[in-house]
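Participant: Produce the entire structure from the sequences given, and follow the hints as far as they go.
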Amino acid sequence: MLDDDPPPPTLGAYTQPVSTTVRECQLLFDRGCVWAFSLHREEAVACFQRAAEADSACAMAHWGVAFANGPDYNWNESAGFFAAAAQHAGYPSFKVAADALERAAAALTDESPQRERDLVGALALLFEWPVTPTAAQRKVAYADAMQALAERPNYAADADALAADAVMSLAPWALYGADQAPTPVAVRAKAPLERGLAADPAHPYLCHLRVHLDEMGPRARFHWPSAEALRRTDATDAGHLLHMPSHLDIQATHSLVSNQWSVGDYSAAMQANREAISADLRQLARAPQRFSIYSGYVARLASNPMLPAFFESYLATRPMVLVRFGLWEELLSLPLPEDAQLYLSRTLFLRFGRALAFGAKGDVAAGRAEQAAFAALLTPMEPETRASAGRRGRIGRSPDPSRTCPPQDTRRKHNTTVAEHSGPIAAAAELSYREGRLEASWAALADAVARYDAMPYDEPAGYLMPPRQTYAALLAEQGRLERAARLYEEDLGTFPKNVWSLAGLRLCLAGEAHAPRLREVEAALAAAEAAADVEVRASCACALESWGSGRRPAPE
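By UniProt numbering, the letter at position 63 of the sequence shown is numbered 63, and the numbering carries on one by one without gaps.
Take the hints with a grain of salt, since some may be wrong.
Dumping the calculated DMTMM-like pairs for lysine to aspartate or glutamate here, alpha-carbon to alpha-carbon at most 20 Å [what the hints assert, rightly or not]: (1) K139 with D118; (2) K95 with D110; (3) K139 with D179; (4) K95 with E128; (5) K190 with D200; (6) K139 with D200; (7) K497 with E520; (8) K497 with E522; (9) K497 with E529; (10) K139 with E128; (11) K497 with E459; (12) K190 with D72; (13) K95 with E111; (14) K190 with D144; (15) K95 with E53; (16) K95 with E42; (17) K190 with E151; (18) K497 with E535; (19) K361 with E329; (20) K361 with E102; (21) K139 with E151; (22) K139 with D72; (23) K497 with D533; (24) K361 with E435; (25) K190 with E228; (26) K361 with E228; (27) K139 with E77; (28) K190 with D179; (29) K361 with E330.
None of these hints come from the bench; they were simulated from the model.
Facilitator: Here's what the structure looks like:
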């Protein structure tokens with residue numbers, strides 16, 4: 001390392017011994033594995049390539065280059081992976097993977113361990129060049145092969161991790177049904193995860209995948225040891241691994257002392273993500289040229305228009321934050337993008353926020369104009385009809401695993417398209433409310449709730465303003481407190497101990513009959529407010545009277 005080179009990342013003590021006598025090759029191979037396990041696959045490719053340069057006779061270094069160019073649980077066919085991998089060079093590339101596998105096969109000898117021969121042979125089932133429309137179907141043969149390998153005696157936990165990865169990638173983010181019953185893929189993936197974790201409880205990829213397996217299922221069955229192992233990981237520069245415990249934290253709280261779980265730990269989730277962001281920023285400083293998947297550096301990915309569209313969707317976050325906190329003037333001061341199609345998500349959510357802002361300020365006509373502009377942009381993006389729908393009881397239903405890649409003008413953020421959000425209906429409901437058409441508003445908000453419940457599972461939820469909080473806030477403002485309280489209780493069942501619904505529910509509870517529940521709510525609210533840096537007076541800034549005063553509405 002040169003004097004002006006940045007220090008290497010801290011990726012812990014993980015090692016997977018491979019056939020090489022070159023220390024640098026083994027070090028870089030291990031480093032590539034940890035990056036791959038944390039789904040920073042582009043950095044993993046770079047490490048594996050450097051390992052192969054250090055020892056071209058190391059078959060597993062070439063295997064790593066191929067593996068890291070493959071699909072994973074987060075980036076798969078529904079997000080346009082195979083279209084991206086059709087390029088001849090760069091990341092991801094099935095051409096690069098296929099060439100690497102040829103070199104891996106050539107490096108194998110009669111003395112090569114059977115394990116390495118098996119891993120190279122199994123991975124060859126996944127890749128084809130050139131990429132065809134049926135490329136995703138090759139995942140099945142690869143998963144079958146890896147599962148068979150992992151079941152052989154004397155194979156290390158790494159094989160179990162690779163088997164679980166291959167199986168779970170058959171149905172990414174669709175491992176449970178609407179009733180939270182595991183799918184056959186989930187049942188199949190659980191076996192290698194349990195076997196591998198029994199042998200190596202802190203294995204970074206096994207722990208990572210176990211969190212993904214559990215997060216859509218019943219909270220009582222969360223495997224907390226995996227989350228805690230990631231929280232304590234020595235791979236402190238692998239940001240995604242540091243982030244992973246928050247998938248469970250936002251839904252439940254685990255006590256290391258009592259080994260019991262309760263609901264909702266947003267502080268722990270925020271801390272995990274603060275540490276993950278810090279790690280990502282450190283890695284961005286080390287290797288900005290290999291951070292396109294996380295930083296939005298997508299100019300050289302123009303061959304796959306879905307990727308710029310995906311990154312652009314994050315520009316919708318700021319308008320939603322301003323809506324959440326009722327910062328109407330600041331929201332209205334944000335300029336609309338000149339190119340509405342290029343910045344489609346941001347334009348949509350600016351129009352949405354402007355409609356709410358004008359309504360809150362009493363200019364309903366201007367709000368309706370913004371709503372019309374929003375609808376005009378949204379019309380070509382209405383989602384396709386799906387065979388399965390229905391409330392999952394938590395954040396949404398499982399996405400349809402047979403769903404094909406959406407068209408270019410259908411923006412999606414992870415599992416959810418913009419057109420599936422309940423925001424458009426919520427905006428119409430709030431404007432009807434400002435016009436005094438309460439029954440129309442209630443009907444629209446009920447529709448927004450149903451649409452929200454039918455959204456695909458996502459983490460975090462695909463739409464950042466749970467419509468029950470809006471619906472209940474406006475009901476409470478009109479004195480319909482019992483109905484509002486029921487909605488708040490439902491929302492707390494989905495998002496435990498959230499400060500918004502606790503604040504709203506407190507306003508709804510009065511009288512001796514509600515005294516026990518009010519005491520519980522006030523205690524939970526005090527704990528939630530301890531971590532807040534603003535005073536939350538109502539569950540939605542749209543409830544102008546409660547938001548501004550914090551006074552309890554008079555019952556109807």
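Participant: State for each hint whether it applies.
Facilitator: Structure-based check of all given hints:
1. K139 with D118: Holds, at about 16 Å.
2. K95 with D110: Violated. K95 to D110 sits at ~27 Å, over the 20 Å cutoff.
3. K139 with D179: Given pair K139, D179 is violated - Cα atoms ~27 Å apart, limit 20 Å.
4. K95 with E128: At roughly 8 Å apart (the allowed maximum being 20 Å), E128 and K95 satisfy the hint.
5. K190 with D200: Holds: K190 and D200 sit about 15 Å apart, inside 20 Å.
6. K139 with D200: 26 Å, violated
7. K497 with E520: Judged against 20 Å, a Cα distance of about 11 Å means the pair holds.
8. K497 with E522: It holds: about 11 Å lies between the C-alpha atoms, which stays within 20 Å.
9. K497 with E529: Satisfied, since the Cα-Cα distance of roughly 10 Å is no more than 20 Å.
10. K139 with E128: 11 Å, holds
11. K497 with E459: 17 Å, holds
12. K190 with D72: 17 Å, holds
13. K95 with E111: The given pair, whose Cα atoms are some 28 Å apart, is violated under the 20 Å limit.
14. K190 with D144: 14 Å, holds
15. K95 with E53: 19 Å, holds
16. K95 with E42: 15 Å, holds
17. K190 with E151: Status holds; Cα separation ~13 Å.
18. K497 with E535: Given pair K497, E535 holds - Cα atoms ~16 Å apart, limit 20 Å.
19. K361 with E329: 9 Å, holds
20. K361 with E102: 65 Å, violated
21. K139 with E151: Roughly 18 Å separates the two Cα atoms, so the pair holds.
22. K139 with D72: 10 Å, holds
23. K497 with D533: 16 Å, holds
24. K361 with E435: 12 Å, holds
25. K190 with E228: 19 Å, holds
26. K361 with E228: 47 Å, violated
27. K139 with E77: 11 Å, holds
28. K190 with D179: 18 Å, holds
29. K361 with E330: 13 Å, holds
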